[in-house]
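**Q** Using the sequences provided together with the hints, build the complete structure.
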Amino acid sequence: MSIIKVKFFARIREEMGRAEDQLDFRHGLKVSDVWNWASGDDEIPEAMLVAVNMEHVKGDPELKEGDEVAFFPPVTGG
Amino acid sequence: MSIIKVKFFARIREEMGRAEDQLDFRHGLKVSDVWNWASGDDEIPEAMLVAVNMEHVKGDPELKEGDEVAFFPPVTGG
Amino acid sequence: MKSLSSRPSREGEPAVMRVELRPAPFDAVAEVRDYRASGGISGKSGATSIFIGTMRDFNEGEEVRNMTLEHYPGMTEKHLEEICKQAENRWAVHDILVLHRTGDIEVGEDIVLVATWAAHRGDAIDATRFIIEDLKHRAPFWKKEAVSEGERWVDRNTSGYLSAD
Amino acid sequence: MKSLSSRPSREGEPAVMRVELRPAPFDAVAEVRDYRASGGISGKSGATSIFIGTMRDFNEGEEVRNMTLEHYPGMTEKHLEEICKQAENRWAVHDILVLHRTGDIEVGEDIVLVATWAAHRGDAIDATRFIIEDLKHRAPFWKKEAVSEGERWVDRNTSGYLSAD
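Residue numbers (the working numbering), protein chains in the order written: chain A, 1 to 78; chain B, 1 to 78; chain C, 1 to 165; chain D, 1 to 165.
It is possible that part of the hints are untrue.
Said to hold, decoys possible - Once the Cα atoms are required to be at most 20 Å apart in a straight line, the calculated EDC-like pairs of lysine to aspartate or glutamate come out as:
{"#": "1", "chain 1": "C", "residue 1": "85", "chain 2": "B", "residue 2": "55"}
{"#": "2", "chain 1": "C", "residue 1": "44", "chain 2": "D", "residue 2": "27"}
{"#": "3", "chain 1": "C", "residue 1": "44", "chain 2": "D", "residue 2": "60"}
{"#": "4", "chain 1": "D", "residue 1": "144", "chain 2": "A", "residue 2": "14"}
{"#": "5", "chain 1": "D", "residue 1": "44", "chain 2": "C", "residue 2": "27"}
{"#": "6", "chain 1": "D", "residue 1": "85", "chain 2": "D", "residue 2": "109"}
{"#": "7", "chain 1": "D", "residue 1": "136", "chain 2": "C", "residue 2": "63"}
{"#": "8", "chain 1": "D", "residue 1": "144", "chain 2": "D", "residue 2": "104"}
{"#": "9", "chain 1": "D", "residue 1": "44", "chain 2": "C", "residue 2": "62"}
{"#": "10", "chain 1": "D", "residue 1": "78", "chain 2": "A", "residue 2": "14"}
{"#": "11", "chain 1": "D", "residue 1": "44", "chain 2": "C", "residue 2": "126"}
{"#": "12", "chain 1": "C", "residue 1": "44", "chain 2": "D", "residue 2": "104"}
Note that these hints are calculated values from the structure, not bench results.
**A** Structure follows, in structure tokens:
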């Protein structure tokens, strides 16, 4: 798979106007590049939570082919 | 009522061979006097719990007519 | 054996408290279910915290067949109600239910139920923990266990908080 | 949506863990009752600690009519199972049951159930508290409430431990 699958949840999903999307993978692609592609913003907002392949990530890791990246606000379960 | 009602529970009840008893009230009667009357011992064993009128007491308080005194071992409920 | 009382809780609304001694077996979970169904619990209680103590088949390394739980009629109920009042004064709980078994108890039977309801989980969880700890260490109950070589009085409760106990 | 697994607990005996997301209403107390009745709980579990979160009719000073709970299918289950494994590694629990509602929820409906079984009360109480705290702060769920002027996302969970929250 030469794509990256992107998911949005809750308030972010509404702001993005879609629950999921995908973009072509390229070598060196980082989480912040995906966010920029989705939102037009250079920086990921501080409160945003990011998961790669359903694991929380910190910072701005590089992605690999087939990764699933999710952006969502602070959680409020339970 | 010119008596003191005395109760024993659990191991103490078994050692005393009775669940309750009573003795005549006299002015100045203390918890330790009741224990001495019941057991023949001068001192109340350290681990013993004592209640007067269903309230835990510490030390060796004086009693008044009609009081109910209970002697029992450390509690093990729940 | 039953006590129902209403008084202002820390939130200024009436709180309900039920304390019962039970000489016969009871299913603690079914009791909570019935209590909820009886309508006492309103939409303001977002948090329920429950502790259930059940008779184990082992204690202090030995197989236990059954046991007898002795209590001090009058003082035991009074003491349990006092514990609940203290909890109600310290935490904003709406409702407290405490049931405690007495008499002959078989392995697997429930011994004690403590359930509290509150708006916030911290109040419910802390109140339940406070009640069960006080009950274990101060309420007048005495356990006598039947083990292979006969009967024995349980001398002290485990702290419940050491992995070794 | 269901996960059943066995692994050695700190006591060296197999522990059971069940985690489920529920798109439809459930009665948390009835679920615990059914779980106990299904025979999973043995004579070695002297302590049961349960927390139930129920939908309140008020949040942050406003009346709430109903709400929708969004989750991240796949990651949410994974996260809940991970919490339970951590609890099992830290405390000597025999059994863990976690149910969490998803979708549209009405006032009075149960949102979350955490139940743990252990030999000693400290392990059960601490494990249940750990799981509900982690679940509240880290599990991927998002609440949207319907209030009088429309809908609003809940931005953060209360700490649950301040009387003011």
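**Q** Determine for every hint whether it applies to the structure shown.
**A** Taking the hints in turn, this is what the structure says about them:
1. This hinted pair checks out: residue 85 (chain C) and residue 55 (chain B) have alpha carbons roughly 16 Å apart, not beyond 20 Å.
2. For the suggested pair residue 44 (chain C) and residue 27 (chain D), the alpha carbons sit about 17 Å apart, so the restraint of at most 20 Å is met.
3. Of the pairs offered as hints, the one joining residue 44 (chain C) and residue 60 (chain D) holds, with about 12 Å between alpha carbons and a cut-off of 20 Å not exceeded.
4. Proposed proximity of residue 144 (chain D) and residue 14 (chain A) is supported: the alpha carbons are some 12 Å apart, at most 20 Å.
5. Restraint check for residue 44 (chain D) and residue 27 (chain C): satisfied, since their Cα atoms lie roughly 17 Å apart, inside the 20 Å limit.
6. Of the pairs offered as hints, the one joining residue 85 (chain D) and residue 109 (chain D) is violated, with about 27 Å between alpha carbons and a cut-off of 20 Å exceeded.
7. Among the hinted pairs, residue 136 (chain D) with residue 63 (chain C) is inconsistent with the structure: their alpha-carbon atoms are about 40 Å apart, more than 20 Å.
8. Distance hint between residue 144 (chain D) and residue 104 (chain D) is fulfilled; the C-alpha atoms sit about 9 Å from each other, no more than 20 Å.
9. At roughly 12 Å between alpha-carbon atoms, residue 44 (chain D) and residue 62 (chain C) fall within 20 Å of each other, so this suggested pair holds.
10. Among the hinted pairs, residue 78 (chain D) with residue 14 (chain A) is inconsistent with the structure: their alpha-carbon atoms are about 24 Å apart, more than 20 Å.
11. A hinted pair counts as satisfied when its Cα atoms are at most 20 Å apart, and residue 44 (chain D) with residue 126 (chain C) does not qualify at roughly 25 Å.
12. The suggested pairing of residue 44 (chain C) with residue 104 (chain D) holds, with an alpha-carbon distance near 19 Å, which does not exceed 20 Å.
Checked against the numbered hints listed earlier, the structure breaks hints 6, 7, 10, 11; every other hint is satisfied.
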